[in-house]
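Using the hints, put the two standalone chains together into the complex.
So the sequences go chain by chain: A and V.
Throughout the first sequence, residue numbering follows full-length UniProt numbering, covering 1 to 320 in sequence.
Throughout the second sequence, residue numbering follows full-length UniProt numbering, covering 1 to 288 in sequence.
No lab work stands behind these hints: they were computed from the structure.
Hints may be right or wrong, so weigh each one.
Simulated pairs of lysine to aspartate or glutamate, EDC-like, Cα-Cα distance not exceeding 16 Å [to be verified]: (1) V/144 with A/27; (2) A/319 with A/128; (3) V/173 with A/36; (4) V/21 with V/226; (5) V/144 with A/128; (6) A/89 with A/128; (7) A/103 with V/169; (8) V/142 with A/36; (9) V/144 with A/52; (10) V/142 with A/28; (11) A/286 with A/128; (12) A/299 with A/309; (13) A/122 with A/285; (14) V/238 with V/55.
Not everything, but these chain A residues come out facing chain V in the computed CB check (under 7 Å) [to be verified]: (15) 62; (16) 63; (17) 66; (18) 67; (19) 70; (20) 71; (21) 76; (22) 98; (23) 102; (24) 161; (25) 234; (26) 237.
Note that the Cβ used here is the ideal one computed from N, Cα and C, for glycine as well.
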Amino acid sequence: MAEVKLAQQISMRDVFGEKLLALSRQDERIVALDGDLANSTKLDKIAENNPEQFLQMGIAEQNMLGVAAGLATVGFQPWVCSFAAFVVKRALDQITVSIAQPKLNVKMVGAYSGLLNGCTGKSHQSLEDMAIMRSLANMIVLAPADAVELDRMMAFANEYDGPVYIRVARDPLPVIFDSASYRFELGKGIQMRRGTDVTLIATGTQTHRAIEAAVMMEKEGVSAGVLHIPSIKPIDVAAIVTAAEKTKAIVTVEEHTIYGGLGGAVAEVLGEHAPVPLERIGVRDKNGESGSNDALLQKYGLTPWHIVDGVRRVLGRKKG
Amino acid sequence: MKPVERLLLESREAELRQLAKEIRRNVIKTVYHARAGHIGGPLSATDVLTALYFEVMNIRPQDPTWEGRDRFVLSKGHSAIALYCTLAERGYFSKDELHTFDEINSRLQAHPDMTVLPGLDMSTGSLGQGISSAVGIALGAKLKQAPFHTYCMIGDGESQEGQVWEAADIASKYALDNLTIFMDYNQLQQYGWAGSNGRVRQIPVLQPEARWQAFGFHVIQIDGYDMQQIVQACQDAKQTKGKPTIIIAETKKGKGVSFMEGDYLWHSRVPTDQELALAMAELEEGAV
Numbered sequence: 001m002a003e004v005k006l007a008q009q010i011s012m013r014d015v016f017g018e019k020l021l022a023l024s025r026q027d028e029r030i031v032a033l034d035g036d037l038a039n040s041t042k043l044d045k046i047a048e049n050n051p052e053q054f055l056q057m058g059i060a061e062q063n064m065l066g067v068a069a070g071l072a073t074v075g076f077q078p079w080v081c082s083f084a085a086f087v088v089k090r091a092l093d094q095i096t097v098s099i100a101q102p103k104l105n106v107k108m109v110g111a112y113s114g115l116l117n118g119c120t121g122k123s124h125q126s127l128e129d130m131a132i133m134r135s136l137a138n139m140i141v142l143a144p145a146d147a148v149e150l151d152r153m154m155a156f157a158n159e160y161d162g163p164v165y166i167r168v169a170r171d172p173l174p175v176i177f178d179s180a181s182y183r184f185e186l187g188k189g190i191q192m193r194r195g196t197d198v199t200l201i202a203t204g205t206q207t208h209r210a211i212e213a214a215v216m217m218e219k220e221g222v223s224a225g226v227l228h229i230p231s232i233k234p235i236d237v238a239a240i241v242t243a244a245e246k247t248k249a250i251v252t253v254e255e256h257t258i259y260g261g262l263g264g265a266v267a268e269v270l271g272e273h274a275p276v277p278l279e280r281i282g283v284r285d286k287n288g289e290s291g292s293n294d295a296l297l298q299k300y301g302l303t304p305w306h307i308v309d310g311v312r313r314v315l316g317r318k319k320g
Numbered sequence: 001m002k003p004v005e006r007l008l009l010e011s012r013e014a015e016l017r018q019l020a021k022e023i024r025r026n027v028i029k030t031v032y033h034a035r036a037g038h039i040g041g042p043l044s045a046t047d048v049l050t051a052l053y054f055e056v057m058n059i060r061p062q063d064p065t066w067e068g069r070d071r072f073v074l075s076k077g078h079s080a081i082a083l084y085c086t087l088a089e090r091g092y093f094s095k096d097e098l099h100t101f102d103e104i105n106s107r108l109q110a111h112p113d114m115t116v117l118p119g120l121d122m123s124t125g126s127l128g129q130g131i132s133s134a135v136g137i138a139l140g141a142k143l144k145q146a147p148f149h150t151y152c153m154i155g156d157g158e159s160q161e162g163q164v165w166e167a168a169d170i171a172s173k174y175a176l177d178n179l180t181i182f183m184d185y186n187q188l189q190q191y192g193w194a195g196s197n198g199r200v201r202q203i204p205v206l207q208p209e210a211r212w213q214a215f216g217f218h219v220i221q222i223d224g225y226d227m228q229q230i231v232q233a234c235q236d237a238k239q240t241k242g243k244p245t246i247i248i249a250e251t252k253k254g255k256g257v258s259f260m261e262g263d264y265l266w267h268s269r270v271p272t273d274q275e276l277a278l279a280m281a282e283l284e285e286g287a288v
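Isolated chain V (complex conformation) (with noise of 0.2 Å):
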């Protein structure tokens, strides 16, 4: 990546980073609330998720089907509860809905609906299905000639689906400039292929920088924790013409949590009382 000019101010990069934290640990208690979720995915996204609602995307939450609005496709759908957490936090509904992730009747679906829930652009869930539908609205958008840009995350286990590299080479073929995906890489899946110790379950998703290369895409490469970084490669995608983007962001599973970081086992675990207790202590619980 090129030298970093600062396009935030370090005051905005401090808010963003408090309200990023503040996502965190709604995940938590999400997934702790409703005994289930998935929970090391969700918190490797969060920042991404926190630079794009909070301060990429043109979107009014309180219009939630804004025609003009930037749409956002969760690729990798079995990150629901950071979107949620990401979507309650700016205002599209009430966080005191989060408590009801994963209930009979709730808006929050184990994966993202959109027939139920205001705010999503997409309904997701089977991996490897969103980048399709991103690449469906953008297409759409450049049909239409309207100006708003779609956001996609796709995750870097969700990669091993053929389909994605079928939305890659249509992205590519109809020159969609006006869509940028994510890649949350965090070089980790449920089960996968195990390490040399046996517990750590590494992404096959090898050199994707030169895969994605190969499809055409323009490719940047970030910490995807560094919200400078996070919004200079949004401003560098939306100022490349003729071709999309891809932003593979380098993430961990688990993130913000240190016995959750890395370590596949936090996929889809609920905490217990001292888990809880201990991740929100090292998320500085109430602390600006």
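Next comes chain A alone, as it looks inside the complex (with noise of 0.2 Å):
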């Protein structure tokens, strides 16, 4: 059984600098794009390290996705990268016209992603980025729950051909996974607990308080399933079908608003084949604020124990 050990913590930005450098040493057709924020989202990496592949494109994101858009059908791999508030929502046109539509070859990276982005408000979250880019014909949306996760997921984007969001988080994460035998599956969930009462259905950061989360209602004679789900789309439908005919109730977690995010995504999948007792614990139909991280997670309802609350509240509705 999965378990969070707080000790591991590793800094998803810095290990999407790295990778990023990586790659672009392996593969020629890689340009990151940065809209200034270089230094925050660690592309710096590679302009300080690899400069013939990187490009300033200044605080101009709607441009940044255009050009991004040229480069691919000339045979580049443009990574842009900003804040996920930026790239997603300045520059959605330019994201649909020029990249998604014409199903271009460009990785987008949503750094700062969710409500934990270092005390900067609402104007810089991102608790949408994932139902918006969902919602685009042709786009892959994923995200991370830890820094192994990306890892894997950046190599992927790197080998499919089109375009590819990934949501990545400002501040260290756990490390649940182990380096040496994941693999990441586009399209495919990951069972990180069984159980039989219920299952969690978690993304991104807050997959690890889902298992911690789990982990509390085992003590209380629980049998709480975590799985995880890296591909918000294609989201693994066999998978949560699955998790609902064995537990008959779900709760889904994420850092990110209730509507159109993974819990948007699960409640379609449920809906259209296995109705069961649903609840969504997310960010509800509120904005941010600034504030430190545990202040905003016990605000917002996305503790371990806001979880567990969730937990209690589906299993009342459980039927038999």
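See below:
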């Protein structure tokens, strides 16, 4: 059974910078496009060590995504990285028309995603990126749970020919995957714990908290499975349906609005294939604000204790 | 502009004029047949497209994805019909296919879709975006040290989009002298700012020359219907080193048909049978 060893924390953004540098050294198609945040996103690893494959686009995201599209048509693999809020929302029409519709080989990396962004507040937080990107035809949407998974997702994105969005967190996260054995497979979920009473379906930065919540529930005699979904789109319909049929109750967990992201996607799958009681743990129709990580998680209902409360609610509605 | 050294023989210039006329006729017929589509903007842009595809660009219509080809991005994607009629005339696909414009399953979408129609170097439609892609293509050519040239046509109306100036800034910062942008300066848009008579919707892009110069561009102003000037400007652009070029082509919406010229109502209007006949007569159908 997976348990979270909090001592092993690795910064996802550091891994992102190092990995992209390594990929760029093997693949001359890669060019990194920066919107003047390279020292925050860690794209500066490439600027400093492989400047020939680094392009400064300035604080102009709409143009940056359009330039990436043009570069892709002549054989490059642009990696556009900025804060998730700016990549996705500032340049959404550009992503739609210039990248997603023509299915161009552009990788979009939304750093500083979710709520925990180093006290930057609501303008810089990104609670809608998965919902928005998931709605675009041709777009693949990925949300890694730790540094190991991000590393493998980036390798996948490098090999895949088409647009990919990867949601990256700012702060260090517990390492929950074994680097030697972990394999990323597009569209596949990963069963982190098996359980019989309820399944927690989690993604990204919240998967480790879902595991913590499951461990807490075990002490109360509740057997909670945890299904991690790294690939928000395409999503693992079979694994979600199996979990619903087996445990007859689902709780989704994400650092994102409950509308249209993981919770929305799972609700769609359940509604079509396996209707069972569902609770969605995420930000509930609210904007974020500045604050410490702990304070934000507490106020917006994203702690393991909130997940446990969700489990209790869903079990109360479970039939039979 | 410098005194024009006549690059084109008079006979070639006459050929190009004739081709532009044929393309105009097909633009109007296409809109008439589809009962939809933009008409004024495409007629405005026709001569520059004709010069590019028949004289200036290094292309292989039978091998539309040839890697060494010059690229063209129609940033003012609303003028797709003009591009389709030019590509058809140049032999990229049969002119019969123009009849499918705007229909379901057609390769000739209302706005250019590179995923279905060979010969398109970029999908466009949402205004202000194509220029950034053209900048990306030219930047890619620089990085690869590929010798091809990238052309882009923008509208003066779409230049109200801030993205156009973001793109200009980057084209200039990366000294993209392998990029030539045409501004189809017809000074009309769909609705815009009413003029003194309440019907003339004038464009507010005042002094485009000064604006582009401020962004570090080599600026050339031409008559957008003078083939000699169009070809000469393209040559000047290719010879300019260290900065991108913009050619501000003075044009008219609805060019070639007296009752459409300069009238914003023809932004996207379908001609009646009588109007079609009049337009064709004005464009000397069948005459060489």
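(message) Quick check on the hint: residue 102 of chain A CB to chain V CB, less than 7 Å?
(response) 4 Å, holds
(request) Identify whether the interface hint at residue 98 of chain A stands, where standing means a beta carbon of chain V within less than 7 Å of its own. (result) Nearest chain V Cβ about 5 Å off; hint holds.
(request) So, residue 63 of chain A near chain V? Judge it on the closest CB pair being under 7 Å. (result) With a minimum Cβ separation of about 4 Å from chain V (threshold 7 Å), the hint on residue 63 of chain A holds.
(message) What's the verdict on residue 21 of chain V and residue 226 of chain V, does the C-alpha distance respect the 16 Å limit or exceed it?
(response) 13 Å, holds
(message) Next pair to validate is residue 238 of chain V with residue 55 of chain V; report whether the Cα-Cα distance is within 16 Å.
(response) 14 Å, holds
(message) Tell me if the interface restraint on residue 237 of chain A is satisfied: Cβ within less than 7 Å of some Cβ in chain V.
(response) 27 Å, violated
(message) Need the status of pair residue 142 of chain V, residue 36 of chain A: alpha-carbon distance at most 16 Å?
(response) Violated - the C-alpha atoms of residue 36 of chain A and residue 142 of chain V are around 22 Å apart, more than 16 Å.
(request) Quickly compare the C-alpha distance for residue 144 of chain V and residue 52 of chain A to 16 Å and report which way the hint goes. (result) Roughly 11 Å separates the two Cα atoms, so the pair holds.
(request) Take a quick look at whether residue 144 of chain V and residue 27 of chain A sit within 16 Å of each other, Cα to Cα. (result) Satisfied, since the Cα-Cα distance of roughly 14 Å is no more than 16 Å.
(message) The hint names residue 234 of chain A as touching chain V; please verify it with the least Cβ-Cβ distance against 7 Å.
(response) Not OK, violated: residue 234 of chain A not within 7 Å of chain V, min 20 Å.
(request) Under 7 Å, Cβ to Cβ, is where residue 62 of chain A needs to be relative to chain V, so tell me if that hint holds or is violated. (result) 4 Å, holds
(message) Just to be careful, I want the Cα atoms of residue 144 of chain V and residue 128 of chain A compared with a cutoff of 16 Å; is the pair within it?
(response) Not OK: residue 144 of chain V and residue 128 of chain A at ~37 Å, beyond 16 Å, violated.
Of the numbered hints given earlier, the model fails hints 2, 5, 7, 8, 24, 25, 26; all others are met.
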